[in-house]
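*Asks:* Those protein sequences? They're chains V and E, same order as listed.
Numbered by the working numbering, the letters in the first sequence go through residues 1 to 85 in order.
Numbered by the working numbering, the letters in the second sequence go through residues 1001 to 1254 in order.
These aren't lab readings, by the way, just hints derived from the structure by calculation.
All residues carry an ideal CB built from backbone N, CA and C; glycine is no exception.
There's no promise every hint is true.
[Claimed, not checked] Computed spacing ranges between beta-carbons, pair by pair: (1) E/Asn1089 / V/Ala75: 17 to 25 Å; (2) E/Tyr1236 / V/Ser15: 23 to 31 Å; (3) V/Arg80 / E/Tyr1170: 49 to 57 Å; (4) E/Gly1063 / V/Thr11: 34 to 42 Å; (5) V/Asn48 / E/Gly1248: 19 to 27 Å; (6) V/Cys10 / E/Met1131: 36 to 44 Å; (7) V/Arg80 / E/Arg1235: 41 to 49 Å; (8) V/His42 / E/Asp1064: 34 to 42 Å; (9) V/Met29 / E/Asp1064: 26 to 34 Å; (10) E/Lys1184 / V/Arg51: 16 to 24 Å; (11) E/Ser1214 / V/Asn48: 25 to 33 Å.
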Amino acid sequence: MAGRGREMTCTEFLSLLDDLIDGSAAEQMRADLQQHLKDCEHCEVTLNTTRKTIEIYRSNQIYDMPQGLRERLHAAIMARCKKGC
Amino acid sequence: MPEVPSGAAGAPSGRMEESGGIPKSVKSSRGIAQPTPMETIQPIAGENEQHPDVALVERVRAGDVSAYDELVRKYERQVFRIAQRITQNREDAEDVTQDAFVKGFEKLDQFQGNSKFYTWLVRIAVNESLMRLRKRRSGRMVSIDEDVQTDEGSVPRDLADWAPDPEQNYSQAELHKILEKTIKGLPPGFRVVFELRDVQGLSTEETAEALGLSIPAVKSRLLRARLQLRERLTRYFKRRRAAAQKAGTDGGKG
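So that you can see chain V by itself, here it is in the shape it has in the complex (with noise of 0.2 Å):
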């Protein structure tokens, strides 16, 4: 709870996202933030929207490499560290 007398304002609430999304926050801190978020719809949208958009770069990795291009990479890197022995 935050129960402290002043409650927390969005731009606080903001600086401190990412604690809150890496779980990183501290137990008071913790509460302050989900009470926060109890009340504010906007902080709540912008909470979901930021973790569903690093889930979606996390699971859409844009530039896995072809396996072509791989062993091609691969093939010259070893050429060239083998040559330098």
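Fit chain E to the given chain V structure using the hints.
*Replies:* This is chain E only, laid out in the frame that chain V set:
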């Protein structure tokens, strides 16, 4: 903010912990693999366990090139992705990947094991990428701090909620194009921090180490990168949703 030194093949300063790691589920992700829940980003090795790369590095130092082959195989995709993120150019990313691994091999005796091999390698790849950018820009200095003085996206403006799974409205190719276009609009210093922290799963400390940035600088970039990406994706998804609704309405009329 410090520029990443151009000769960063030397051993990093060693302020990071040995416990970080790239989650297996992220490493093996291809295409539309299962999303990795954020809670599962956990270190592979505990603080007192030796990271498996240490043994491989030792073997390379003892003259076993095949051990380096294993390290290349293990990290070439991630290194390529970082190079792509910074240079935004496929040819450059290929060259950078080659050069970074060859440089890593040549300078392996400078790797002191204070950091993980991968973090050390990323630092080389980041510097190679920046040098490549510099070449493209006719010798103008390029730093990882470039263009980060922007307030865009610091405060969420578009607060429309997303449909439960907005990505399902797109083909995989379409979605990749949107994600690519969206992240391309961010400064290189934001793109690479987001890539290392959120996609590859490095810790804040490892990311700071790899990029030669302070921990507060990494945190600040990550927050802004996340918020800017969120803002830009919201605009895309909203447009598609509005178009779908309009099509539905028009269809209803007809």
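*Asks:* Hint by hint, say whether it matches the structure.
*Replies:* Against the structure, the hints come out as follows:
The given range of 17 to 25 Å is respected by E/Asn1089 and V/Ala75, whose C-beta atoms sit roughly 22 Å from each other. Look at E/Tyr1236 against V/Ser15: about 26 Å separates their beta carbons, and that is inside 23 to 31 Å. A hinted range of 49 to 57 Å is violated for the C-beta pair V/Arg80 and E/Tyr1170, which are about 40 Å apart. Distance hint check for E/Gly1063 and V/Thr11: the Cβ-Cβ separation is about 58 Å, which falls outside the suggested range of 34 to 42 Å.
Range check, V/Asn48 to E/Gly1248: Cβ separation about 25 Å, and the 19 to 27 Å hint holds. Distance hint for V/Cys10 and E/Met1131: a CB-CB separation of about 42 Å, consistent with the stated range 36 to 44 Å. In this structure the hint that V/Arg80 and E/Arg1235 lie 41 to 49 Å apart at CB holds, the actual value being about 44 Å. Between V/His42 and E/Asp1064 the beta carbon distance is about 57 Å. The supplied range of 34 to 42 Å is therefore violated.
Checked against the hint of 26 to 34 Å, the pair V/Met29 and E/Asp1064 fails, with Cβ atoms roughly 49 Å apart. At about 22 Å, the beta-carbon gap between E/Lys1184 and V/Arg51 stays in the expected band of 16 to 24 Å. As the Cβ distance of E/Ser1214 to V/Asn48 is approximately 30 Å, the hint placing it in 25 to 33 Å holds.
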